[in-house]
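Read in my numbering, the sequence shown has 444 at position 443, and its numbers run on one by one without any break.
In short, the hints are calculated from the structure, not lab data.
For glycine and all other residues, C-beta sits at the position ideal for the given N, C-alpha and C.
Label-pair restraints from in silico Cβ distances: (1) E471 <-> D431: 16 to 22 Å; (2) K421 <-> K511: 37 to 43 Å; (3) N300 <-> Q10: 40 to 46 Å; (4) V146 <-> D544: 41 to 47 Å; (5) F364 <-> S123: 35 to 41 Å; (6) E96 <-> K245: 41 to 47 Å; (7) S145 <-> K312: 36 to 42 Å; (8) E471 <-> P13: 33 to 39 Å; (9) K316 <-> H523: 40 to 46 Å.
Straight line, CA to CA, 20 Å or less: simulated PhoX-like cross-link-like pairs of lysine-lysine: (10) K242 <-> K204; (11) K89 <-> K421; (12) K409 <-> K396.
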Amino acid sequence: MSQPSFSYQTRPRIIQNLRNEYYDVIIIGGGVTGAGIALDAATRGLKVALIEKKDFASGTSSKSTKLIHGGLRYLKQFEFSLVREVGKERSILHELATHLVRPEKMLLPLIKDGNYGKIITSVGLMVYDVLAGVEEEDQRKMLSVDETMKCEPLLDPSIIEGGGLYAEYQTDDFRLVMELIKTSVKFGAQTLNYTTCTDLLAKGGKVCGVAVHDEESGEDFKIYGDYVVNAAGPWVDQVRKFNKKVKETKLHLTKGIHIVVPYEKLPVKQSVYFDVSDGRMIFAIPKNDVTYIGTTDTNYKGNPRDARTEKKDVKYLIKAVNDAFPSIELKTDDVLSSWAGVRPLIQEEGKSASEISRKDEIFISDRGLISIAGGKLTGYRKMAKRTVDLVLEMKSSRSGITKKAKSKTKKIKFNGNSFKNTKAVASYKDKLQNENKQFSKNQIAYLVDTYGDQAQTILNFSERLPGKNEETKILKAEVRFCIESEMVMHLTDFFIHRTGRLFFNIQSVKDHLNMVATEMKHWLDWSADQMKAELDAMETEIDKATNFK
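Start from the sequences, fold in the hints, and give me the full structure.
What follows is the structure in structure tokens.
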């Protein structure tokens with residue numbers, strides 16, 4: 002194995018640093034919010050530690066609709082500032098992570114007595130373009146009935162009154178978090194997965210650090226610092242309760258599920274945002290050989306780790322699809338995979354799950370614990386900026402220093418992104434294809450869309466492998482890359498939170514599970530018992546994704 006950059010081999014050094022050094026800010030939570038805060042703080046010169054109880058992005062941040070979108074529906078709730086903020090963030094994120102934040106046209110069909118009428122839609126999309134600063138070529142286009150049906154022939158022509166075509170961006174949320182983490186590490190952040198916060202440390206009545214348990218080594222240790230930021234997503238209230246006096250709940254948890262079907266079962270020509278009979282809207286989004294559909298929005302109680310797709314959730318989405326696309330006749334048996342995520346929304350009395358605002362909120366306990374919750378994937382950078390601004394404000398009032406570094410993340414490209422624009426990504430794919438003709442166009446596209454310019458490293462690894470099965474060679478090279486450079490420790494890390502295969506190519510998981518396990522056993526030196534535990538854990542995840550109760 003070559004010299005690792007961010008791997009299990011670097012864990013002892015990271016733990017030693019966490020134990021022995023003093024930090025400006027300690028972050029609890031390795032989802033997009035925590036990762037965003039780590040990068041913002043590190044690039045402003047702060048000494049940063051981040052811990053995550055399970056794997057990076059293993060909670061809400063790998064369970065979204067995987068869109069960097071401006072939230073058109075928030076216009077109906079008159080949340081103009083939210084639309085403006087996340088809308089502008091889309092174009093920024095496209096520049097920061099060009100290979101990961103990909104342009105996507107979204108069709109909004111207008112139906113009789115639907116959520117959106119022609120005038121409201123036309124004005125709303127125009128306002129959306131203005132607030133979000135959409136480039137001229139991507140600005141909304143209103144469609145006639147015939148144009149709408151041409152865009153999507155599967156729609157029911159008897160109820161279509163026209164449509165709107167507007168710009169969104171598709172992403173892989175888990176990859177976004179991973180590259181954020183890796184970029185923050187480049188700027189000096191000490192980040193560690195599988196490290197549980199077991200208590201908050203206090204001195205003089207103020208939080209001054211965290212007690213943690215390393216799930217891998219079994220080691221307990223303490224991390225000390227000036228400020229602790231609780232960015233634990235659905236577990237924010239749980240962390241807050243380490244503050245002995247905290248009793249009240251700040252979060253309202255809701256569950257959202259998505260289902261994945263073969264593309265031929267729902268061959269939409271582009272992404273569609275369509276009405277459901279109960280007044281909600283859902284997405285159907287094509288991705289390679291599949292189409293995924295979501296999401297639901299129901300109240301959730303219990304451990305967010307236990308959230309799973311239920312039969313009633315699947316039936317709800319299938320009925321919605323069959324109502325909107327009457328020739329499809331989708332069935333439960335058509336579902337290949339699914340995921341269920343829990344949204345950490347801010348409590349609002351008297352509102353249903355769908356009505357609660359997606360705004361974020363920061364709250365500070367009497368003992369100085371800073372907690373942040375709510376918000377959207379698209380708005381993570383601004384959430385991080387506000388949080389670090391607050392930390393610096395508190396730091397300056399304590400020290401008397403008034404000069405505060407400004408956020409730099411608007412200009413810091415993600416790890417793996419050396420591309421100027423979408424055309425540069427396409428050119429890079431062509432270059433790799435010409436240089437590696439033994440691999441299919443789809444294989445090259447997958448590597449670049451997933452890893453950006455790091456695809457070259459994976460291809461270099463694959464060239465040294467024996468055999469003629471190119472799919473197997475790519476997979477083995479991916480495994481090696483993710484172990485050496487992305488802190489992969491378990492099968493679930495690789496198949497879910499680095500590659501998304503469990504969601505979008507579950508057959509490859511089933512076909513190659515034992516082979517990948519053998520590779521990881523080799524690199525990570527698993528015992529026979531560890532190997533069995535890893536395979537059992539992955540089988541459990543496959544069951545959660547495919548078995549609906």
